[in-house]
Structure formats: structure tokens, C-alpha cells
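Construct all of the structure, not just a fragment, from the sequences and the given hints.
Heads up: the protein sequence lines correspond to chains A and B, in order.
At position 3 of the first sequence the residue is numbered 3 (my numbering), and the sequence of numbers has no breaks.
Count along the second sequence from 1, add 99, and you get the number used in my numbering.
No more than 25 Å apart at the CA atoms, straight line, and that leaves these computed lysine to any residue pairs for SDA-like: (1) Lys439(B) / Ser450(B); (2) Lys28(A) / Asp500(B); (3) Lys51(A) / Lys469(B); (4) Lys207(B) / Leu80(A); (5) Lys469(B) / Asp39(A); (6) Lys28(A) / Lys439(B).
No lab work stands behind these hints: they were computed from the structure.
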Amino acid sequence: MKSSKITKENIKHLADLANLKLNDEELKKFPKQLSEILDYFKSLNQLDIKKVESTAQTTGLENVTREDKPDKSLDSDQALSNAKKKHKDFFITKAVLEK
Amino acid sequence: MNINELTLIKAKEGLEKKEFSSLELVEAFLKEIKKKNPKINAFIAVCEKEAFLEAKKADELIKKGVKKPLLGIPIAFKDNFLTKGIKTTAASKVLGDYIPVYNATAVKKLKEAGAIILGKTNMDAWAHGSSGETSDFGVTKNPYGNNRVPGGSSSGSAAAVGSGMALAATGTDTGGSVRLPGSFCNVVGLKPTYGRVSRYGIIAMASSLDSIGHLTKTVSDSALLLSVTAGQDKFDATTSPSSVGDYQKNLGKDIKGLKIGIPKEYFQEGLDKGVKDKIKEAINEFKKMGVKIEEVSLPHTKYALAVYYIIQPAEVSSNLARYDGIRYGSGREMFADEAKRRIMLGTFTLSSGYWEAYYLKAMKVRTLIKKDFDKVFGKVDALLTPVSPTLPFKIREKTADPLKMYLSDIYTVTANLAGIPGISVPAGFINNLPLGLQILGPHFSEDLLFRLAYHYEQKTEFYKKRPV
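Okay, here's the thing in C-alpha cells:
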């Protein structure tokens, strides 16, 4: 496992990736807290896991599919009912593409 | 008769025998909530108007002779269960004004069985926490000691049932969030097998670990509720097609000759001496009932917490990415401390260059942990362990040190990693503070867990000791 020292710069970069804004207090305490937590993970280095397969699904279900048949879903009024900003039948978002 | 002290089954019998109406039942709980909630803060919302309306409807049906498993029974719902038309916040200000337009499958099933929504319970925000202290709507207090935490993340649900403000309450368990507060509030907490109960409509925390359970006063109550909530759901592809039984049917069946394993790794350093002694007393109770006790080993246990705190925040960071404030809820600036910490941690362990070293490694060790259980269940029927290494701790005792808080989950995360069911049952008191024992079994062995827990509960009756 690589060095688990997390710097303030790392934290800023991670916050940027996760679309989070951190306040000064968080910028100060997160590097230490996250470094400690990552240090705790080092115990896993003791294990030889080269030949071990990973597990994501524990009860053995595989390739669960449904019939490809349309079903009813929310109508647009319902889907829009919690939106803070809307225009007719649309959500208003920030521009994604710029000219 | 004090209605607030009834178990769910007794309340059901009372309704059937017309000793009281559903309206009287609902009134009694609403009254208790008014009296106790200002101090305990177990409820984020109380659904007074809706509950009265539904109770009147239930009474009409009862009069007509209609029978349903939960007809006229008020139940509290953890505030991460989507309830149509009723605000659902996951105790986060991000969802402070979110009103779902559909019901979670578990809510739908409970309502169809006749249950009435009493209110929405407080919790650690997004279910991130072991103490109830990360709620954006205030800390929930332990009914057995108001300077103590009720355990989390299903803090409000456990405190509501433990204090007699609700007959039963739903919960979610991703790493112990039903079992730990169950233990801290002297109630029965069930974490079913992964995929036994649908996750549809429940605000996702870590999708490969989330289990949908509940908190009740007794084991029979827990069995009754699972018979209603369990089953395959076309809206959750991870639900199991295996059939759902009548979980109450076999409760009384003899347990003599069954084999319980005591995993030695759960009794080592870090376990409070008092808790250890109480669990040993419980093991003796099982011995007296003719259960065979055998020491076993789950050698990868010491890696479980590290594995859990890699996988869980990774899945959290992915699940919380959807909260953009566009379709519903407020913007990401509303996330509080703990959610931010987990999102950042998950973003880090999933990021390029680190993914293999952390996430993939954790997923591989998860396999080893699961294999430990597979192997041990070839030798014994079930396992008995503590739920928590300590008694309910003091409010603010662990909030400044996240790693210390995470260690509260050390005996519970393993079940989520392996996908197996677990139940926490009241196991006594130390200085009037409750503690629970945990029984774990193979996938889909809920029937057996209920049976073992039921016999122990009948013999000890710790659930009868209510808070002063």
C-alpha cells in the first residue's frame, strides 16, 4: 500500500472531484483524520491475496434481468414535484456545454 | 393495562379481542410521544393527522371482520424509508424538504398488511454513524440514561421502541445500524440476510451491504414483521427468489442438541470486561437449555473493520453523487461533516492509482471473511457474540475521533460483509445500562436465529425491564 499521508492539497483535490466545498475547519482537520483512517487500513497488507477473487455479491445471485417490457413510471408532474427550479416539463440545470 | 408497554403481538391480540380500538392504540402512542419525545428526540416527524385517519379506517375494517397481519398497528419508520407524501430526510438538511412521490417496497408491504405510519424516526444523517449524533436534527438520547447515546444509525427507532413511544420501528443495517442501537436500548434488532427484504425506496448507503430490518420489543414481534417485509421484489434485483416462511411458526420448537459456536476472535482485547462476563452468562443459559457450545475461529475477523471502512465509504461516495440539488433536495453544500468525510474517503480509495491498493484489496479480503463463515457453519448451526465491545457510551465521548467511533462496529460489520443474518437480543444490564448479545447464522437462517433468540428471551425476559 502506498503512503497514506494525506495533505491539505490532496484534500482540496478530492473535494473538487467529489463536488464538495469544504470550510476552513474541515480543510484543517480532514488531512489528519483521513490519514489516520488510511493508516488503519494498512493491516490488510499482511495478507497474501494474489490468488483470491473479489466478492461484491454475497448470496450468489447472478445476471438478474427483467422482461424487456415497458411499465408505467412517474408522470412528469410527480417527477418534477421536488425540483427547486423548473420550466414547464423540464428541470433547470446549470449549463453543461459552453459555446 | 398500560398500552405503551404492550408488545406488538399483544397489541394485535387486544385489537382482535376488541379490548381497545386502533384509534385508542394510536392515541396512546401519540400521547407518549408528546410526553417523552421533547427529551429523547427519537422522532423527526410525527404523523398525527394521517395516523388518526388510518386508525379510523382500520377500526372500520376490524368491525367488518377483516383480518390482516398488522391491521390497525402503528409503526414508526426510520427516516430513510421513502413514505409517499410524508417528508423523508435521512436526517440530512440536503433532503430537509423532500417529499417522496412513492413508497419504499417495505413501507408498501407493511401498509398493505394494515400497519399505520406513526412517524419518522431520527437517525445518523444518511445512516452514517454508530451513535445517532450525526443527525442534522439533533441528538437522540438513550431512554436508559439521557447522557448516553442510543446507538446508531437507527437511533430514533431503537429509542422510540425502548421508551414505549412505538410498538415497533423499521431500521437499516449496513454495518450494525439495527443491532447496535438494539443492544443499547434493550430491544430486539434484526438484520436479515442481504436481499431478504427489498432495498427499493430506501435511501441507499452502501448498496452491497445495506440490509433492511426492524427493532421490536420481542423476538416474536420481529418474526411477525419479517414475515410481512421479506420477499422478492422486481424493483430490487438483489432480492432473493427463495420462499418466505411463517417465521413465527417454529419459535417454540426445541433447541436442544443445536450447536452454537463461540468465535474466539470476538472475545479478545478491546472487549469490556463487564460485557464479556454478561455474554458468558448468556452462553451458560444456552448450555442449560441443552445447546452444545463449541469454541470456533474466524481467523480473518481482525481485518473486517478495515475492509468495511474501505468498501462502505466507496459505495457511499458513489450513492451520494446523485444529490445535486437539481431533481430534488438541496445542493451539496448542505452535506455535514461525516457525510463529507465518507465521500472524500470513498473518492480517494476509488481514485485511479489507489483503487487496487484499497478497494480491490478490500473486496478480496471480503472473500476471505465470507469463507471463514462458510467454513464455520459447516461445523456449527449458529454463532453467539457480543453486539458491541462496550455499554452505551456518553454523548460526545467519541465524536472528535472518527476512528474511535468506527471501532464501535467491530462485532457487527462482519455479517454485512458476508451477507449473513444477525439478531441482537437483550442480554441484561450493568448499572442499569442495557447490553445485547448477537446471534449470527448462515444465509437465510432467520428461522433458526428467531428460534434460538426466542428461547433465550423466554428464559431471561430482560425485555420486560423498561426505563425508569
